[in-house]
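S.K.: Based on the hints, put chain B in the right spot on chain A.
2 protein chains.
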Amino acid sequence: MTLDHGLAPLSPTDRTTIGRGRNRMVEDRTELHRLLDDALIAHLGVMVGGHPVVLPVTFAIDLDGPDEDGTLYVHGSVAAGWLRSAADATVCVTVTELEGLVAARSAFHHSMNYRSAVVIGTARIVEDPDERRHALGLTVDHMIPGRDATLREPTRKELAATAVLAVSLHEASMKARACGPVDDQEDVDAGTWAGVIPVRRVFGEVEPDPLATGPVPADVVRRAGAL
Amino acid sequence: MTLDHGLAPLSPTDRTTIGRGRNRMVEDRTELHRLLDDALIAHLGVMVGGHPVVLPVTFAIDLDGPDEDGTLYVHGSVAAGWLRSAADATVCVTVTELEGLVAARSAFHHSMNYRSAVVIGTARIVEDPDERRHALGLTVDHMIPGRDATLREPTRKELAATAVLAVSLHEASMKARACGPVDDQEDVDAGTWAGVIPVRRVFGEVEPDPLATGPVPADVVRRAGAL
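Chains as they are written, first to last, in the UniProt record's numbering: chain A, 1 to 227; chain B, 1 to 227.
Chain A extracted, bound-state conformation (with noise of 0.2 Å):
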């Protein structure tokens, strides 16, 4: 019933390596900037007073950056206390997509299908100012694709009022699980019924804002109309 992480040949070094699972992990990079591409949320670890805590975050992540592994980039406020702990310290960040529910023959083998990628690194608080308005603007076109570039200019104020953290893709981990039941030979032949509940993300017709004029952009209608 877990979806644990295990080593996977895509982090070189040991701290991702949870120790569970090696049948599940997936080796291509590729496969893994895939899944950052098609979340999009991801939950960040960070210590706060003593013990971790999980938040959800927008992200995005840069593959043509100095990082040769790649960056990915988290938004806060500067205000937010939990950007504050992240700083310099070592955070994970986790993006899952859930594609299936696996109804086995026994509780026991009841799983989950899935993508998920955990990525372990120091966070680095982003000070240039450019760099920063490059990651919101990676942030929102991860969102929609193509909106960015369709939106005035942020202001020094705004950009000041934006904290990012950036955390290396160097050290992650990446599992999936997409296949059926994987039942024990005696419920197979006592006839119990097993398969796969499939699951996926869809997006709804577009809610224009009440005050908004005109027709709905173009990268808009891409992204409602995307699966």
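Treat the hints with caution; some may be incorrect.
No copy is singled out in the list; a pair is fine if it fits within one copy or between any two copies.
[As the list claims (entries may be wrong)] Below, in silico cross-link-like pairs of lysine to aspartate or glutamate (EDC-like), each with a Cα-Cα straight-line distance of 16 Å or less:
1) 157 <-> 184
2) 157 <-> 186
3) 157 <-> 183
4) 157 <-> 127
5) 157 <-> 128
6) 157 <-> 130
7) 157 <-> 205
8) 157 <-> 62
Worth flagging that the hints you see were computed from the coordinates, not collected in a lab.
Every value quoted in this text rests on a predicted model; they were computed, and no experiment measured them.
M.R.: Here is chain B on its own, set in the frame of chain A:
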């Protein structure tokens, strides 16, 4: 662009105080229970090797047990390292449902609609086989309501191989955003389009295991038909 948590009156302590976004907190415990009922996975934060690790897990809640605030159960293999790390330690379990992409009139005001709960507490390893059995059944029924009663009893060996971690729902905070873009007046005046792209999870057509015989059980049909 963040979905961070603020102080919520759900919590009787200040450990779930992250200090931001108090306008988005949810004060009603029934809303917390509804979110924990709707969500299918949680993200568990544990300290491993001196830093936080965040792992996707299946879970269930029990509102009828001895803990009057309710108990959140997380399953794992007895061989999983993170479970040993979590024993008697303070952990954080976060559950998030993404419900919309908020396309504002500026990059700065882009946001997401979501519901999210953060539960912080001491992880108790469940030693009692009866409580482990109970938690396993709740987890199966959380995934597919009603399914546990249709399955054979877990064997002693299966129960011995199942580790269960319990966290009280005593310390919990919940936040939600469920509205349109909040923009600066000059951006509204400039005529930039803004709106929301709703996001929801759907279940696809059931995929019976190739060796499965007979009709798809009623509980699976009901779950797959639910939005």
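S.K.: Compare the structure with each hint and give your call.
M.R.: Tested hints:
no., hint, result
1, 157 <-> 184, "between (61 Å within a copy, 13 Å between copies)"
2, 157 <-> 186, "between (66 Å within a copy, 15 Å between copies)"
3, 157 <-> 183, "between (58 Å within a copy, 15 Å between copies)"
4, 157 <-> 127, "within (14 Å within a copy, 55 Å between copies)"
5, 157 <-> 128, "within (14 Å within a copy, 57 Å between copies)"
6, 157 <-> 130, "within (14 Å within a copy, 58 Å between copies)"
7, 157 <-> 205, "neither (34 Å within a copy, 49 Å between copies)"
8, 157 <-> 62, "neither (24 Å within a copy, 47 Å between copies)"
Checked against the numbered hints given earlier, the structure breaks hints 7 and 8 and satisfies all the rest.
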